[in-house]
Amino acid sequence: MTLKRLVSLPALAVWHALFWTFERATWQYDLMVLAILAFVWLTPPGWLGDPMAGGPGLLGILADLLR
Amino acid sequence: MTVTGAIGATFLLPLRGIIAFCVALRIHPNVLTLIGVLVSAGAGWALAIGEFRLAGFVMLGASVFDFIDGKVADRLRLASRFGGFWDSVMDRFSDLFLLIGLIYLYADLGRPDYVLIAALTLAFSVMTSYSRARAESMIPLCKVGFMERPERIVLFMIGAFTNRMAAVLWVILVLSVVTVLDRIYFTWRELRSDGREATA
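As given, the protein sequences belong to chains C and G, one line each in that order.
Take the first sequence: its position 32, counted from the start at 1, is 32 in this note's numbering, and no numbers get skipped.
Take the second sequence: its position 60, counted from the start at 1, is 60 in this note's numbering, and no numbers get skipped.
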């Protein structure tokens, strides 16, 4: 793999994530779902100023454990 | 099989029984669509009063009607162009009910920031569907962009069941904006490559 291709790979991944042309039930779809669920469940509600949810969230709990 | 494919196949099993039941009773698919919208209105009400878990269950019920109407239409040989139009229009109402419920809730909580986020989500959810419908009046297919209606509904249910509605709203908003931009770009590219852009 050339250096040019290695550098352009992340840009290509971002482009495909933004300009979405994949069908459902593909590995790309699974990856996107995983990223979304990680954001929804890991982000502490306080960071988003969630009016209905409180607590540190999974990311906050992990941060506390690492401290 | 992918993970999302396996989850879809698992949920399809009980739905087959419900479809067979509706076919046996010869329930008209347009009636199923209407029931789905009325149930969605109930989910909107549950969201408006902050009963997220209840809203999640009601949304689950509404999504059953939403899923089976087309299948029942096929099985009863009642699929029609009007049925497709009716389904699309009712789907927009369902989306509006859910987001209006959230707008009411956040307004009631005195949170204008989330009123704005929910209102923008509502606008871009409608624009996602409109941009595709308008594009497909000029080009054969405009099925690009991630955030379509099934994804929105599943995310709303996840947000309701796990009380993470704010994060879900952000995801739906950002990805709906991206989806609308995808559809504008795709339509522009298709029309330009066909040379139809100059004659429009």
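Among these hints, one or two may not hold up.
Distance ranges between label pairs, derived from CB positions [said to hold, decoys possible]:
| # | chain 1 | residue 1 | chain 2 | residue 2 | range |
| --- | --- | --- | --- | --- | --- |
| 1 | G | ALA119 | C | HIS16 | 26 to 32 Å |
| 2 | C | LEU31 | G | GLY61 | 26 to 32 Å |
| 3 | C | THR21 | G | ALA133 | 32 to 38 Å |
| 4 | C | LEU66 | G | ALA107 | 36 to 42 Å |
| 5 | G | ALA6 | C | PRO56 | 27 to 33 Å |
| 6 | G | ALA133 | C | LEU37 | 25 to 31 Å |
| 7 | C | SER8 | G | ALA123 | 32 to 38 Å |
Which residues of chain G face chain C? A partial, calculated answer using Cβ under 10 Å [said to hold, decoys possible]:
| # | residue |
| --- | --- |
| 8 | GLY50 |
| 9 | LEU155 |
| 10 | VAL178 |
| 11 | THR187 |
Here are some chain G residues pointing at chain C (derived, C-beta under 7 Å) [claimed, not checked]:
| # | residue |
| --- | --- |
| 12 | THR2 |
| 13 | VAL89 |
| 14 | LEU109 |
| 15 | VAL171 |
| 16 | ASP182 |
The hints are simulated quantities; they were obtained by calculation from the structure and are not laboratory data.
Note that this is a predicted model, so its numbers are computed, not measured.
We put the CB at the ideal spot given by N, CA and C, even for glycine.
Tested hints:
The beta-carbon spacing between ALA119 (chain G) and HIS16 (chain C), approximately 30 Å, falls within the hinted interval of 26 to 32 Å. In this structure, LEU31 (chain C) and GLY61 (chain G) meet the distance hint of 26 to 32 Å, their C-beta atoms being roughly 30 Å apart. Restraint check, THR21 (chain C) to ALA133 (chain G): a C-beta distance of roughly 19 Å breaks the suggested window 32 to 38 Å. In this structure the hint that LEU66 (chain C) and ALA107 (chain G) lie 36 to 42 Å apart at CB holds, the actual value being about 39 Å.
For ALA6 (chain G) and PRO56 (chain C), the Cβ-Cβ distance of about 32 Å falls inside the hinted range of 27 to 33 Å, so the restraint holds. Our hint of 25 to 31 Å for ALA133 (chain G) and LEU37 (chain C) holds, since their Cβ atoms are close to 29 Å apart. The hint said 32 to 38 Å for the Cβ distance between SER8 (chain C) and ALA123 (chain G), and at roughly 35 Å that hint holds. Of the supplied interface hints, the one on GLY50 (chain G) holds, with its beta-carbon coming within about 7 Å of a beta-carbon of chain C, less than 10 Å.
Look at LEU155 (chain G): its Cβ gets to within about 7 Å of chain C, closer than 10 Å, so that hint holds up. The criterion of a C-beta within 10 Å of any C-beta in chain C is met by VAL178 (chain G), whose closest approach is roughly 6 Å, and the hint holds. The interface hint given for THR187 (chain G) is violated, since its Cβ lies 13 Å from the closest Cβ of chain C, which is over the 10 Å cut-off. Checking THR2 (chain G) against chain C by beta carbon gives a least distance of about 5 Å; that is within 7 Å, so the hint holds.
Checking VAL89 (chain G) against chain C by beta carbon gives a least distance of about 24 Å; that is not within 7 Å, so the hint is violated. Using the Cβ-Cβ criterion of 7 Å, the hint placing LEU109 (chain G) at the interface with chain C is satisfied: the shortest such distance is roughly 5 Å. The interface hint given for VAL171 (chain G) holds, since its Cβ lies 6 Å from the closest Cβ of chain C, which is under the 7 Å cut-off. Interface hint status for ASP182 (chain G): upheld, as the beta-carbon distance to the closest one in chain C is roughly 6 Å, under 7 Å.
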